[in-house]
Amino acid sequence: MAKGLEISECQRFGLATVMLRKNANHAAVGAALQVAAPADPTWVASNELTMIGTGPGMWLALTETPSQHWSATLAERLAGVASVSDQSGGYVIFRIAGSSARTLLQRGAFIDLTPPAFGAGSVATTVIAHIGVIIWQIDDVPTFHVALFRSFAGSFREWLDTASVNLTF
Amino acid sequence: MRIPCPYCGERDVQEFVYRGDASPVRPLGEDGFYEYVYLRRNSAGVMREHWYHAQGCRNWIEVQRNTQTHEILGSVFARRVAL
Chain H
-6 MAKGLEISEC QRFGLATVML RKNANHAAVG AALQVAAPAD PTWVASNELT MIGTGPGMWL
54 ALTETPSQHW SATLAERLAG VASVSDQSGG YVIFRIAGSS ARTLLQRGAF IDLTPPAFGA
114 GSVATTVIAH IGVIIWQIDD VPTFHVALFR SFAGSFREWL DTASVNLTF
Chain D
18 MRIPCPYCGE RDVQEFVYRG DASPVRPLGE DGFYEYVYLR RNSAGVMREH WYHAQGCRNW
78 IEVQRNTQTH EILGSVFARR VAL
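Protein chains in written order, with my numbering: chain H, -6 to 162; chain D, 18 to 100.
Note that these hints are calculated values from the structure, not bench results.
Bear in mind that the values here come from a model prediction, so they are computed numbers and not experimental data.
Wrong hints could be hidden among the right ones.
Stated by the list, open to error - Coverage of chain D stretches by chain H, computed from C-beta distances (three or more under 8 Å per stretch; other residues unrestricted):
| hint | stretch |
| --- | --- |
| 1 | 26 to 40 |
| 2 | 70 to 80 |
Stated by the list, open to error - Per label pair, the in silico range of CB-to-CB distance:
| hint | chain 1 | residue 1 | chain 2 | residue 2 | range |
| --- | --- | --- | --- | --- | --- |
| 3 | H | Ala72 | D | Gly62 | 26 to 34 Å |
| 4 | D | Tyr53 | H | Glu2 | 48 to 56 Å |
| 5 | H | Asn16 | D | Ala71 | 47 to 55 Å |
| 6 | D | Phe50 | H | Ser60 | 30 to 38 Å |
Note that beta-carbon positions come from the ideal geometry of N, C-alpha and C, so glycine has one too.
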C-alpha cells in the first residue's frame, strides 16, 4: 500500500438503521440512548454508540463492541420513539486514512470534502462510482469511514485500487 | 446543475429524480381528477417542482426554479408544504 494511505475493512461492528416514528422527536431518541442524535448530517458518539445522521429523523447506529442481542436491545430502548432495523450483515465499512485519503475520495464523490465544507464530525450520504455510500470523517489525519451495501464491496474495492494508482505523496 | 437539499446541502443533479410541477393538488372527488393527473402548464419562469433525493437523504423536496435561467431560488422538504 502506498505511503500516506491506509485502507482496511472494519471487521467487527454492529450497525442498525434508526428511523424516527411519526409523532416522536429527536430529543426522545437522545434521551432513550443517552446520545444526542444529530438533526443534521453529522455524527455523535457516546457510551460506545455512534449515531450517524443520514436524513431527517434517520440515523445509522454503530457500535464496535456489539453483543449478541445488540440491535434488539436498541429497539427495546427506542420502543414507541423510533424503528430499528439491524444492518450489521448488510453493510461493509471501509476505513480510509492518511494524507491522501481525502484526495482519493474526492476523485469519486462530487461533493466538497475539504474543510470547512467537510471535516471531522461531518457525514455525507452520496454516491461514488454509481455505488451509494455513507461517508463520515473520524479525525483530522484525516480518517474516513465509508459504509456501503456488502454486495458492492468488491466493486468499490476495485474502484479504490484504480483511483489510488497515481496518488503522489 | 446543482440542487440545494435542505438536509444534505448542495448536491449534483445526478443524485436526484425529477418529478415535475409541485402545484397540482389531488382533488377529493372525481371532479378535476383528469386535470390533476394529465394537465400541466409549460411554465416559462419561476415554478415549484418536486425532486426526490434518491442517492442522498431519500426525501422529497420542493424546489423553486426559474425554467428560463435555471436559477434556483430555494428548497424545502415537500412534507413541510403538504402538512
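Going through the hints against the structure:
Counting residues of the stretch 26 to 40 of chain D whose CB falls under 8 Å from any CB of chain H gives 5; the rule of at least 3 is met. Judged by the Cβ-Cβ criterion of 8 Å, the stretch 70 to 80 of chain D is covered by chain H as claimed, because 5 of its residues qualify and three suffice. Distance hint for Ala72 (chain H) and Gly62 (chain D): a CB-CB separation of about 50 Å, inconsistent with the stated range 26 to 34 Å. Distance hint check: the CB atoms of Tyr53 (chain D) and Glu2 (chain H) are about 50 Å apart, consistent with the given range 48 to 56 Å.
About 26 Å separates the C-beta atoms of Asn16 (chain H) and Ala71 (chain D), a value inconsistent with the hinted range of 47 to 55 Å. Range check, Phe50 (chain D) to Ser60 (chain H): about 54 Å between beta-carbon atoms, so the 30 to 38 Å window is missed.
This entry does not satisfy hints 3, 5 and 6, going by the numbered hints stated previously.
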